[in-house]
Amino acid sequence: MTGVPLKRILQIDDDEDILAVGQAALQGYGGFEVRTAQTGKEALEVAGSFAPQLILLDWMMPGMDGRAILHALQAAPGLAHVPVVYLTAAVSPHLREEALASGAVEVLIKPFVPRQLVAQLNQIWERCGAQG
Amino acid sequence: MPSSLLSAARLHKPVRMARMQGANPGGDERDVKANAFRTIFNAAIAAGLAILLLIAVLAYQAVDAAITSGRQETHTQEVLTGVEEIFAQSERAAAAAHRYAAYGDAAALADFRALASSRVPKELADVVALTREDAEQQQRLAALGRVLGEHFALLERLTMARQSGAPALDYDKLNPMEERIADLAAAVRAKETELLSAYRERAGRTARDAQLTTFWGGLLTMLLVGGAWWIARRYEHERVLVEGRLRAAEEGVRRLTDSVPGLICYMDRERRLIYHNRTYRDVLGLSREQIEGRHAYVVVGAEVYAQSRVYMDRALAGETVAFERVHVLPSGELRHLACSYTPDLDGEGRVIGLYGMHLDITERKRAEAMKGEFIAQVSHELRTPLTSILGALEIVNDGIAGELPPHAMRMVRIAHANTERLLKLVAEILDVQRMSAGQFEVRCEPIDVAALVRQALDASAGLAHKAGITLLADKLPESAPAIGDADRVVQVVGNLVSNAVKFSPRGSTVEVTMDLAPRAVSVAVKDYGEGIPRAMQPRVFERFLQAGSIQGTGLGLAISKGIVEMMGGVIGFTSEEGRGSKFHFTLPRAVPADAEA
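Protein sequence lines correspond, in order, to chains W and A. Residue 84 in my numbering sits at position 84 of the first sequence, with consecutive numbering throughout. Residue 497 in my numbering sits at position 497 of the second sequence, with consecutive numbering throughout.
With the rest of the complex left out, here is chain W:
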């Protein structure tokens, strides 16, 4: 499929260190342009100006949790079709089903292997975001 290559990723996580490692990995291995946000509110602000092609979102967050943020993002103008990928440390047997049902395109499990994360994101992009 010849489409737009994945360049801009927004990563949302309440853990600052994970954001730092994630950013380093995505930039270092994938050469992506990465912006981060620690809360839903911040994410909406960043997304507005940054216009991410793909959003990497933590599932379990204090306050506004992953699902609420996902819904808020999808409700925002221009973000409705941006694929959202969950990145979570939670392990629940029905996690995947729940996540996909709430509107995410994929669920990736923490801890991630940085190089594999880049490969996985590229695959997901090929599958569901490249044509947009």
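The hints are simulated quantities; they were obtained by calculation from the structure and are not laboratory data. Beta carbons: idealized from backbone N, C-alpha and C, even for Gly. Fair warning: there could be bad hints in the mix.
Facing chain W, from chain A, some residues (calculated, C-beta under 10 Å) [unchecked claim]:
hint, residue
1, Leu49
2, Leu53
3, Ala376
4, Ser379
5, Leu382
6, Thr384
7, Pro385
8, Leu386
9, Glu403
Chain W is already provided as a structure; the job is to place chain A on it using the hints.
Here is chain A on its own, set in the frame of chain W:
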């Protein structure tokens, strides 16, 4: 409910309870003793009755003999009197005849004629009639009759002589005739007297026999009845003793079971509640009368009965069953109960009831749920920092964050490897928790086991290399479609391979092979290590089992077993001490739609 049912239940109970507690040691011995008692008692009574019967027969015979003897005596007396009378009258007749002959006394003549023609013959006829059965006497009496006839004829001639003045008769003829009459009468009397004494003797003998028999028989009967009475008293004493012991045992069992916080009951084949403890009453909120002797359906209610019925069926078919159920207290509170039904068998192995035990595990369930939540939470909290650590180390390791001196790089690699170990541990603890809580789930998707085995081997390559082990997997099929959870299959193969590597001597090989059966795909991992000691073999798949000083949680095989079984497969091993082990598992095979054709 009919009262007979209740009393039957009560009668049945002490024995049941005593058996339940094992409080009746030597019960069989007592049974044997009781049987012996009963046999001796019955024999004594029977012997006594037989002796009494014998005494009765002998007594009858004695009385009969006495009566016969009495009758004979009367008869003899009559005969004797008759003979006496004949003799006396014949003498009187002779005297009258002589008087007439001497003095011409007309009255004497009339007297003689009356005696000779009527009274004496009549008397004789009476005596003849009395002795009709005695031929000897009859002969004698006939002779007597003849002599009397001749005597009276002579005397008649004497009287005639007086009337006609004819010469007197020869008195010499009369005298021997009188002697002969006296002799014959004496002979008849002697015979009768002899008979009488024989009868008397016989009657006396029979009476003596009866007396002796009655005395000794009575004595023996008294002894027998006394013995029987003594045995009955002993038996009764024993019975009272046993009953007392049973009651004490039952009371002990009751006190013991009442002190147990679990619900205990005993149900007969007809599912009537024969026994229950205080907790049972309390939890059900019923009185003793509302439980005892009643059908389980009535006691526990339709809903609980419906839940438990299938287990009762199985227990009454001879199986020991355990299950859990939720019970609603009369207050509306929910309690979790762990229940078990154990069949009660009689001596011949027939099920005659069941013992029910119900433990309130609500608190345990609550604690388990809390533990589960806690472990899930801790696992999440551990994984978050580990994500940062692992990611950071990976980035440094890969040189993305710039070059490090080789020595520092070695340290980074150590930190990296150990972080992975830590992660695996966290994952395993979570898996075990899920399995024990029954919350462990696997996916069931089409997978290629061959590809997953290769993936697991790739992941284990570093470990094997470090341990100096050669991984041999050159005979794997191209593909092996099956149904399962890809990640979990990799985890199982990884566990088996890393175990094999751990237990192999440096320089040896670990062989991984696969086999495609029509319905299953199997994977085997073989090592040439020390093997598993025989004693440890049955416990290989238990949690936390750890061999020697090998590192690890000891959870890997337990989890692998859980995973394989969840996917509908089987896991097992063969091991020989000193020669190595071979672990293998199967997965249900996916049959492609076009392969059916």
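Evaluation of the provided hints:
| no. | hint | result |
| --- | --- | --- |
| 1 | Leu49 | 85 Å, violated |
| 2 | Leu53 | 91 Å, violated |
| 3 | Ala376 | 8 Å, holds |
| 4 | Ser379 | 7 Å, holds |
| 5 | Leu382 | 8 Å, holds |
| 6 | Thr384 | 5 Å, holds |
| 7 | Pro385 | 7 Å, holds |
| 8 | Leu386 | 5 Å, holds |
| 9 | Glu403 | 13 Å, violated |
Checked against the numbered hints given earlier, this structure breaks hints 1, 2 and 9; the rest are met.
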